[in-house]
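Those sequence lines, one after another, are chains H and G.
Heads up: the first sequence runs through residues 1 to 450, numbered per this note's numbering.
Heads up: the second sequence runs through residues 1 to 450, numbered per this note's numbering.
Source of the hints: derived by calculation from the structure; they are not laboratory data.
What you are looking at is a predicted structure, and each value in this text was computed from that prediction instead of being measured.
Fair warning: there could be bad hints in the mix.
Think about it this way: if two alpha-carbon atoms lie no more than 30 Å apart in a straight line, the pair counts; the simulated DSSO-like pairs of lysine-lysine are [as the list claims (entries may be wrong)]: (1) G/K269 to G/K99; (2) G/K352 to H/K251; (3) G/K356 to H/K69; (4) G/K17 to H/K251; (5) G/K251 to H/K414; (6) H/K356 to G/K69; (7) H/K352 to G/K356; (8) H/K352 to G/K69; (9) H/K191 to G/K269; (10) G/K352 to H/K99; (11) G/K269 to H/K251; (12) H/K356 to G/K269; (13) G/K352 to H/K269; (14) G/K251 to G/K69; (15) G/K356 to H/K99; (16) H/K69 to G/K352; (17) G/K99 to H/K356; (18) H/K251 to H/K69; (19) H/K356 to H/K208; (20) G/K251 to H/K208; (21) H/K251 to G/K191; (22) H/K356 to G/K251; (23) G/K269 to H/K414; (24) G/K99 to H/K251; (25) H/K251 to G/K414; (26) H/K352 to G/K251; (27) H/K269 to G/K356; (28) G/K251 to H/K269.
2 protein chains.
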Amino acid sequence: MGNPLLLPELRRLLSEKNETELREMLAELHPASIADFSEGLSVEETWELLGLAPIEQQEEIFTFYPHSKQEQLASGAGRERMSALLERMSHDDRVDLLKELDDEVVENLLPLVAKAEREDIRRLMSYAEHTVGSVMTTDYAILPPDVLVDEAIVRLRHQALAAETIYFVYVVDQQHTLLGVVSLRDLILAKPRAMVRDLMQTDPVSVKAEQDREDVAREVARYDLLAIPVVDSQNRMVGIVTHDDVADVVKEEATEDFHLTAAIAPLTKGYVHSGVGLLYHRRIGWLIILVFVNLVSSGVIAAYEEVLAAALTLAFFLPLLIDSGGNTGSQAATLIIRALATGEIQLANWWKVLVKELAVGLSLGLTMALASALLGYFRGGAEIGFIVGLSMLFIVVITNLVGVLLPFVLTRLKVDPAVASSPLITTVADASGLLIYFTVATWVIDLPTT
Amino acid sequence: MGNPLLLPELRRLLSEKNETELREMLAELHPASIADFSEGLSVEETWELLGLAPIEQQEEIFTFYPHSKQEQLASGAGRERMSALLERMSHDDRVDLLKELDDEVVENLLPLVAKAEREDIRRLMSYAEHTVGSVMTTDYAILPPDVLVDEAIVRLRHQALAAETIYFVYVVDQQHTLLGVVSLRDLILAKPRAMVRDLMQTDPVSVKAEQDREDVAREVARYDLLAIPVVDSQNRMVGIVTHDDVADVVKEEATEDFHLTAAIAPLTKGYVHSGVGLLYHRRIGWLIILVFVNLVSSGVIAAYEEVLAAALTLAFFLPLLIDSGGNTGSQAATLIIRALATGEIQLANWWKVLVKELAVGLSLGLTMALASALLGYFRGGAEIGFIVGLSMLFIVVITNLVGVLLPFVLTRLKVDPAVASSPLITTVADASGLLIYFTVATWVIDLPTT
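This is chain H alone, in the form it adopts within the complex (with noise of 0.2 Å):
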């Protein structure tokens, strides 16, 4: 990388109409990287900047512009250069493109688009959110089992513009049902007169369209697949998902799950591109939820204010004891949401976990208690000393089992665990840690409760 060509020079050489010049940066350097320093440029320039590079590296550039560029580029008078590209575009990636730019826009453009592509485009676009449908592309390379190598190369060649690769090759009947996979690797090393039955590995991994994302996103990780068929329920072909875009749903999807875990809806458009309106909108909903679930804690603490009142040192020990039942919670919870998430630990293992972390929280709930119990003696004497080590030891137990338990309990019911956020399971928490102080206090120092 490191190319020292700028924007104003870029300006000048389409000003100058240098083509010779222009052509040749085109060629050297990356679509990523041509995209980064012309998205300066205005429409008009933009387009004559494309016009060009051959057609599939603009589709390669085009895709690599931030979506308001995109969305700037497929409007006014650059509509039927867009419908170009649109025709020569990934199937995948244009829909992904159609999806963000305005309803509008896209009803101006398809009738541009050849009729085929347009069904094509219609059907991906079809998939619901979150589904292997809205993140397959439907132009994959396919064969049929019974040609030979060295004609099976050929037919490969007529294929490799059009196909997102070529590197795991699908081989279909008639009726279109996926029979297995080759790879370009294996016919390169085979005999041109073997034949692609003979290659194939049978039965290949697959998934349906109407499945998680998720799912796919796993299988791909465990087969370390390049690329995954995507099949209808009677085994026929539909698509394929290449390992880019899994790699797209495994970022996304560990950021839907710090966004839960946080209390935040999920953005999806990304921090950047999400205004002041939105982010207010994502993350009020669970403050508010949780000022109101807070009513518990504040009823607790009005229910013992004779015990607090002839004892206030106790107030002293409120935050220290509910923000380690907090913090307790929020780490076993999380540890469990992850370990969910990434397939280590099932849903039928909860008791396993359960037991194990009887004992980590029992060990932590020692040392908590050893530790506040000596704050507590300097500060308020034995009987605060022993108080607040006790409460400690039953609030980190407790809330060690509550944060393992409620992403198990999610799961259950078919809620994502991420749910179970850091703030919920700290509120939580406080409630139930006030309370097993208040009850440990009261018994502890024999004062009137109410």
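Here the structure of chain H is known, so what remains is to put chain G in place on it, guided by the hints.
Chain G alone, transformed into the frame defined by chain H:
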């Protein structure tokens, strides 16, 4: 998938030495599936089964076994067969495997491995954790620039068995300097008499072996690469990192960040393989630190003891106010940590983000202030309502900014921003929240302070 062959039948076939059927099964199934249902076999049975597969497939099946099974297969009677297998394994997989095995097992194995392979193993094992070198492999396909396409394909055919991928081929000179990259697709499409030099993309994206492995993940995602070349300071090729290893890096880094944001020292072995003792150690550190950070909160309450004694109703809203601060701060920190991790925002953009979050924080703060003022009014009257509402506004705006800034500050200090964990922010938010609350309370109800 869904092969009905189960462990007892596999045992029966092995004891009957029914090689025809076993070989058929090996040829039909994916290595991951074979590993799956042969996991329960004894060491002798497993080597017997593996012996029936071609050596390349043995390697593949082996890498899909869990590490404990791999270790058993490499010790004792399996040593000889293991070292033969090691010589044929992909260079990164065998290093990963050897790193997991007991030092003693490795020292017993290595003398049986051929010298050149042994040196390659020692070199790859020497890279530090989390560097690109630790995830790269040295078995990649290369071509000189000045060969014709048909000759290039013949050469690739010879490298195909040993190389991790032949879909991207690196063009190097005699000093092994990286000149360019050419895809097998381009070679297949090109005229047989074309020259590799004219087909290759020059100035390819590359990384250095000492760089952080997160860099490689970012580059591969950015450019949708199948593999990325690794070079030394003189631009000489030393390895490649392939897309499947990048996927593992992305997953591991996300898990690390998840653990860090919940104040857990990252588990490198995964949850299931971490025992109670290890889990305790990874969790207790932060929990104890946070107990001591909480001393500040205790101190604040103690300092305002008289205020609290005079208006005990204030205590009812302690959990509500400090939790809301913690929740808001966690949300902000999580958004920023994730956006920094995915490269969506950079350190230099901190002030843009700050301005945006000032607006978001104000909107959130006003809404939350209104809700909590109402709660305060109903429980404690107008004065308490005013105090709670006003405190909430200040707390939300301030903790939101703390949540935004902390990840930037940590990044600036070259600390993983994920250390700005929700528990840490919660605890910091507590202390500031209490201070704000009591300051506002003192100011409004005009009580004696200490």
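Hints broken by the structure, by number, lowest first? The structure breaks hints 4, 7, 9, 19, 21; every other hint is satisfied.
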